[in-house]
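With the hints in hand, could you dock these two chains into one complex?
So the sequence lines, in the order shown, correspond to chains A and B. Numbered per the working numbering, the first sequence finishes at 421, counting up by one with no gaps. Numbered per the working numbering, the second sequence finishes at 337, counting up by one with no gaps.
Misleading hints may appear alongside valid ones.
To be verified - Result set (SDA-like, lysine to any residue): computed pairs, CA atoms no more than 20 Å apart in a straight line:
(1) A:Lys183 - A:Gly197
(2) A:Lys181 - B:Thr198
(3) A:Lys244 - B:Leu112
(4) A:Lys76 - B:Ser88
FYI, nobody ran anything at the bench for these hints, they're computed from the structure.
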Amino acid sequence: MITLKETRGGVTRRSILKASAMLAGAGAITKVTGFPAIAQEKVTLRYLSTAVNQAPAIAKKAGEDLGITIQYITSTTDDVTKRVITQPNSFDLVDTEYFALPKLLPSGNIMGLDAKKIKLADKIASVIRDGTVDGKKVGLDGTAPCEVLYLPDEQATEFSKEPTEFLTLIPTTYNADTLGIRPDLIKGKVDSWAALLDPKYKGRAATLNIPSIGIMDAAMAIEARGDMKYGDKGNMTRDEIDKTIAELIKAKRAGQFRAFWTDFNESVNLMASGEVVIQSMWSPAVTAVRTQGIPCTYQPLKEGYRGWASGFGLPVSIDGREKDAAYEFVNWFLSGWAGAYLARQGYYTAVLETTKEAMEPYEWAYWFEGKPAEKDIHAPDGKVMEKAGASRDGGSYDERMSHVACWNAVMDENIYMIRKWNEFIAA
Amino acid sequence: MSDTVEAPTRVGAPNIRRTSGVDTAAGDARKRRTSWTPAWVAYLQAAPMALVFFLFFVLPLIATLVVSFWNYTEYSIEPAFVLSNYHDVFYGCVAKFPGLCTTFATYLSTLKFVAIVWATTLLIGFTVAYFLAFHIRTLPMQIALFMVCTIPFWTSNVIRMISWIPLLGRNGLVNDLLLSLGIVDTPVEWLLYSDFAVALALVHLYTLFMVVPIFNSMMRIDRSLIEAAYDAGASGWQTLTNVIIPLVKPGILIGSIFVVTIVTGDYLTIGIMGGQQIASVGKTIQTQINFLQFPIAAANAIVLLAVVLVTIWGMLRLVDIRKEL
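Chain B on its own, in the form it takes in the complex (with noise of 0.2 Å):
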């Protein structure tokens, strides 16, 4: 509770200060027995996860890495050390420039589809957190209005994107709509099989993703600091950009992470939506490893990991969560 409280004299300091003075706290901290459990103890417990980790994710993981370094053939992978998978990921992008290679065509469209789908899932989620978090009065109506919000998660996933096949499509119900109302002679093209339905699909499937952390944060957020803000003479626009949007940044980021990584990984929207008609990493990924070259396919999932990664650590930059949650 007091964290939240100091939080707001705290905004506008540098990150990169409060982030080392945090640090040599926590260590001090950290030397420091606390309790009269054996230190094992801790270890033990947290070893169970430990080992799915390293078993689960770690060992692929440098597996893959390994791996984008082998030579394949039709039927075979060998164990080598070549860059030529690398080189093939990156095949025509220095002779094609400032054309644009596969590669970077696939990053590029994907990177679009992050931007819309990122600012949108924004404002959305935003504002029902912001009316779940300060308009709802009671809890149980808050519950019940949360409740509401992952409705689109009680079917898979598949099924709620083919659902929008008769919906938007040439003979859907929206086209039925605008052609019985006049609106347009013939049936609009653009809806279905098209950047339109994927931007859309994936904004309906990710809302959840901003809304949740949002909300977490705004419910944390001390009432008591916005009726000061009012007191003080804020009108409410004031309160929102320098109380409230400052204190739910945690949120924010969170959501966005959520957001960015899952856009940037996904190909069964965009493939069923677009009409695999656009291109994405992951759709990339799948087919090479369909015919079996494996090395290619590793080299491009590390080559997306890394661009995953660097995004999320730009987007750490902006905001310390640790220290903010």
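This is chain A alone, in the form it adopts within the complex (with noise of 0.2 Å):
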């Protein structure tokens, strides 16, 4: 008996180790065969970012003109982060958001991009490159991008506080975040951040749930209050967390949120059926509120707006024909067909002049200049957004660019913010 057990034992294991060897071996030839050694194969670029980016038009047409395929792999915008971090070989350029990088640069996945060889570097928006517009400096709370674009060398950790040649992300889209409202659901006038926590509001206000923007939009409207001032509210103290919280869970438990929201298709219901007017949005959600026929205004608030920024960057593990090929298709991107497909979208590009060359003079005007729409507006797949007459919410590129007053951020104290905003989302 005791010698029939022992050899079902071995055998179990044995044929489970034989197993998973056959496993590994099969995995091994996938491997081999998964990538054709032939030298003149057209090159692919595996694309990583958020689906926001990512228009099928744009890789269609960079087929064309580059002869490179694009291969999108599309994910929420803290799973960039995250694959970046854990799976730096899954891509082979990656658009990111600025306020990424103190998370990216240090974990040696991401390399500096060669501003000579950027054809249009130093025709980069100056807000991006010196956090100017039109000479103006505009508030640098948060991680504002001038502040992490430069890299003292190819394959730097840290940050270079002076321009330098090589740099961390080529600017994709960027913009100035606000609060969105229903105008035709809200009495009087809505002018400050102060209105996210206005008692006025009780029960139709919204906020996110993604805490680093979320503190940050809270933080705007308790100083528009007069409660608290900070010192960067990009990058709180413990203390100022704390006060920060305190005051939101006090507005929660006064019943001030109807809901918040982590996924941008959520607010766009939130807003759409009324469940709430006022709340933090992002610009294309108002867009999409906006095309389904329901008012929606991305209002423009005295105290400024809060930036973002998004940039294509290149992982470390990148070499030869790929590498040139994103080069490639980073000068492609800047040259013009590309920022004007994304800024009918609303967004603001790399370089301000080929997007201009690029679209029509009376969509120059109506989202760059901030003037009365000459012609209807359509989006980029044709339908109609806005009528002849209207005009851009905040006005012009300098208007609205020019009131950044914070950027998005990863605070210092990142890890004791989120557990605070846990306990936030638990009172």
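As structure tokens, this is what we get:
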């Protein structure tokens, strides 16, 4: 009996080992055959980013112009960061937000882009390069792009304070965020972030359940109300975090918020259904509510906007033909067509001159100069977005971007902040 | 069949004595060979499942446990053996006592939903199963009505939950109806993004998990037992409490395990129906993972796992399902 048992055990263990060896073998074989080593094959770039910038039209046009195949890998903002850190070999080009850089760079998984190989590097918008619009400084609270743009060398893991030849990210899109409101359901004027916590909108306000952004919107509101003054809203001290969360908990218990959202579609639903009349919002969400025929204003506020910017970065593992192709694609991206395409969704672009050339004059006047539309404004898919005569909320590029008060950020006390945020959600 | 007939006689017997008796009996049976198939064939048959289980369940679980003791920064996790993640999970629980720390508040809120949803799904599930098993006479009809119960599962979970919004919302159908009937003057706010909404959606989602095992247990009840009860002069209520309920206890238990474990780990329903204003352990873990705080997320997951395991262990103590099945 005992011998029988032992044999049995042996057989099982061996069969399991054998099976796993076979599995491993099978994996290796697919890997070998998966990459045909034919030198003249078209280059494929795996482009990792959120869905926002991944228009199929851009990939198609790049394929026609450059002969490069763009393969999109779509993720959410947080997942893009996670993927860069945990799977750095799974993409050739990443389009991520500047505020993720303080996490991404020290991981050593991304490398700088050589400005000498970017034809229009010195034409990149000044708000990204040095934090100025039309010569005037904008608010630099939080992770301002100009503070994390330069690297001392290609493989550096620390930022350079001075401008250098190596750039962390080449901007793709950026914008200024503010509160969205339903003008038909709100009486009176909204002109301050304080409105987000105004008891007048009790039970009809919403904010985001994305801690890093949600706490900044809350800070804008609390500071606007005059309760507190922050050193740097994008990099709060523990004490500031405690006080901000305490105010949020007070508002939550008083029933100020109808809901929180994490996905931008949720914010569209909340607004379109009338559950919420005032909330933190992103510009494409406002556009989405409006295309349903429901009035929604991206309300400019006197304290200014919360800015954000996104850009192309390269993984350290990239080399050879892929690296050349990535530079080629980035150069093409800045050359106008792609910028104009994205600008028609309301985003701002890296090189304004080329975007202007690629747009119709009436489109440029509406999107960038804040002038009333001469003709109907069409979305990239051809749908009418605004009737002739309408003008953009907040006005021109200069008016909007120069009023940026703070930027999306990752704080030094991030871990503490998230713990406190969870406390707020549980309260 | 003989097992079912015997069942009522041992209903009253204490569980523990029964368990031990069965174990020795089963042990004896295992020592005696009953088939001419070589014994390793059985292991081989079980091997694929065991392998899948090992690779995709046991290994990740061990990894989670290991990582829960690691250190982390904004962008890296470092092998270590520290208890700080567990300390962080229970941050403030002692200092704030008798006030509630985040973790206790979250679990208390979850526990509340577990209790409400369990009681409601049990009541509805039992009633539906009873109707299907004892009032519907023909098998095709039973199957047809059973299919009706599964209709909510024909669409995705998320779509089902989103469809509550036009129904329960401020400008939704229910409020429109109440307003037009003059029952209320202003729209009822607590229908959506509230505890009520969460409980309603959870009950709607998980009642079927109660119906299926209870129905299954009821179908195995020998009808002659009910006749016997009737002949012996038991009222309908007495038959229910003394014959049917004891016999469907395993079904009730299995259904309860489904409902309790699913509700404890649920964060999607609580998130969407609660307007993300109601905390859940799953959501806490998700937030932490999104911010790359894997070790503390792992610690939270381990605590959650422990809570669920203790709950199941406690429930299994109440009914010995291996015996009853």
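Item checked: Numbered hints the structure breaks, given as an ascending list -> none
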